[in-house]
Amino acid sequence: MTDQNNIKVSIRNLFKIFGTDPAAALTHVRAGLGKPELLEQHGHVLGLQNINVDMQAGEITVIMGLSGSGKSTLIRHLNRLIEPTAGEIIVNGEDVLAYDATKLDALRQNTMSMVFQKFALFPHRTVLENAGMARRVRGESGKAADKEGQKWLERVGLAGYEEHYPNQLSGGMQQRVGIARALASDSEIMLMDEAFSALDPLIRTDMQDLLLELQRELHKTIVFITHDLDEALKLADHLVILKDGAIVQQGEPQEILLQPNDPYIMDFIADINRARVLRVRSVMEVTTDPGTNIAGDVDANSNLERVIAMSEGDTNLNYRVMENGQQVGLLHMRDLVRALVPVEASDPARRMAS
Amino acid sequence: MAFYDGLIETLGLTDWCGEADAGGGGPLTMAELLARANGGGADGEDPATPLMDTPFPSLDTLHQSCEAIPRTRDVTEMVEQGFLGIKDGLRLVLDPLTEPLGWLLDASLSGFEATPWFIMIPLLMALTWFAARSVSVLALVTFSFLFMAMINHYDEAIQTLSIIFVCTIFCVVLGVPIGIAMSKSNTLQRISIPILDMLQTLPTFVYLIPLIFLFSVTESKLYGIAIILYAIVPVIRLTDLGIRLVDKDVIEAADAFGMSNWQKLTGVQIPLALPNIMAGINQTIMMSLAMVVIASLVSAPGLGRLVLRGINNLELGVGLVAGFCIVLLAVLLDRATKAALGRINSSEQ
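For the record, the sequence lines run as chains A and B. The first sequence begins at 180 in this note's numbering and counts up one residue at a time. The second sequence begins at 985 in this note's numbering and counts up one residue at a time.
Be careful, since some hints might not be right.
Said to hold, decoys possible - Calculated cross-link-like contacts (lysine-lysine; reagent style PhoX-like; alpha-carbon spacing at most 20 Å): (1) B/Lys-1071 with A/Lys-297; (2) B/Lys-1232 with A/Lys-297; (3) B/Lys-1232 with B/Lys-1248; (4) A/Lys-282 with B/Lys-1248.
Because the hints were derived from the structure by calculation, they are not lab data.
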């Protein structure tokens, strides 16, 4: 599923150790010392260990983990707000770590924009000035910046608030300004650090929908950090799960749901509504055979909840799975029901079966 | 025989001390003189000193046993000689450096004095309105100046104002950059804080002592330097604090969008630190006012000179009325700058 030609951002063997002598601590870590042992024996905190992620252009890569898992540290390595201890970060084929200050500023101004958990708007600037900020930093005229800022403010639904100050807006509106600010820079890559975590659930859903809607149009490369699994599953094209600074599993979200390879992930996914998250294409039998006893057609991308509603709970039915008007497979209701039961990660037989 | 003779001998320092001839060379201290008078010149008849009367081994006491140890007054003398020794060199450097301050003080003073009252008072009112935009502050300023003019203290008040005006400008121009530098470097902050502490706690009179030796008392920059040294502290401290207090998230956002250090400083840090910097300027103005009164001792003109006259000649009324005018000036300067500060704060909310 990875397309080598289309990789926008690539993280290679990244390590980050916090402490007075990270280089010495790194040799211990390379020799196999774990996070708690390193802290106990050498007084260094292992922030990230051996991270390897490829991020496809035009996709949303979600990095998920609980607090302290190193996800915010990881995203800050991409634009070098934090310097790594070892490793490579390759953006558009160039190693960002080799950049000098000028090239780094250019990267931050033109290629990567960022949205923050606590919005981090400039309180002394109006909403419009905030939105056009990235362009002003680049040295474009105030007029051009305002024009672009205006355009994106309208796009995120904040027309009419241009002359307000950020403190006069609600949290959700402030984050819309944050998104407009990132979009107005017209960068190919957007880094979103727990962008919706500070918002209440209803507004969070709105913002997720807004992001998906914008993404359908703009096809940016988005790196999204979250601690919320529902949010991760909703947004992710590629899901990376972090624990204690190391990647536990990464891949397509559906795949992780159906084949979790770690008890940690199973704990995570135990509570989610699988019928709403899983899609028909993940549980169908791939075949173009017309099949027998077909009750109707379903779309490959609709979720299982919808199919259950359609079947009215009858587990003996079969459906033809369609994508773009063509049959891509068959869905047996019995498979569907089986997929709703969380899989034991430690049970390889069940994993093979699903 | 002095008390610590035994100790010196035990330590084997007798040779280093040289021949102990108490009361021999050099001028006598008052204590020695008294002892000589009381003892009637009877040497060597000292009874043994009781333990309870053991003298503290101070420089003077030790000197009695050991000629090589200097007396306290010798040390004071050395400090004085040392200062006088570097005075000329110091003056050679400081004189040209501080020359512009003197010119500005004199120019501002003659400018303020040359402006007739019917232009000056409306000018001050306009300035107040521009800075504070508050009717009550404007009324306070207007009535204060009319009152001081009515009781013939207008000229002195304007002289005081002129000195504060120039000194505050110098404090801001020097203090804000120093504060910014301190906020950028922890080392510089560690070095500067003790110096600032010293400047703030040094009694105001002590400022004047070295300055009197360095410059002539008739020069206006003498009191200018004293005022600036004393009043610059809050603006430095609060600039440093203000910049360090700027929200880390906002700074991170500025970094993430590729702002240069200069863009960050002028576009984010200084504007966000402005309320604190303004509070520092307010304090600076208040402290210059306090110092300008003391500086009347070294020929600073203004209301302070009237207070000094009140003290010297025991003219109670003159001193009290001038003191009241100083209070009035302090209150109106404070209210005007606070109102300006409030305006900045509210524009950011």
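Status of the hints after comparison with the structure:
1. B/Lys-1071 with A/Lys-297: Outside the cut-off at roughly 57 Å; violated.
2. B/Lys-1232 with A/Lys-297: 11 Å, holds
3. B/Lys-1232 with B/Lys-1248: 12 Å, holds
4. A/Lys-282 with B/Lys-1248: 17 Å, holds
In summary, the one numbered hint that this structure violates is 1.
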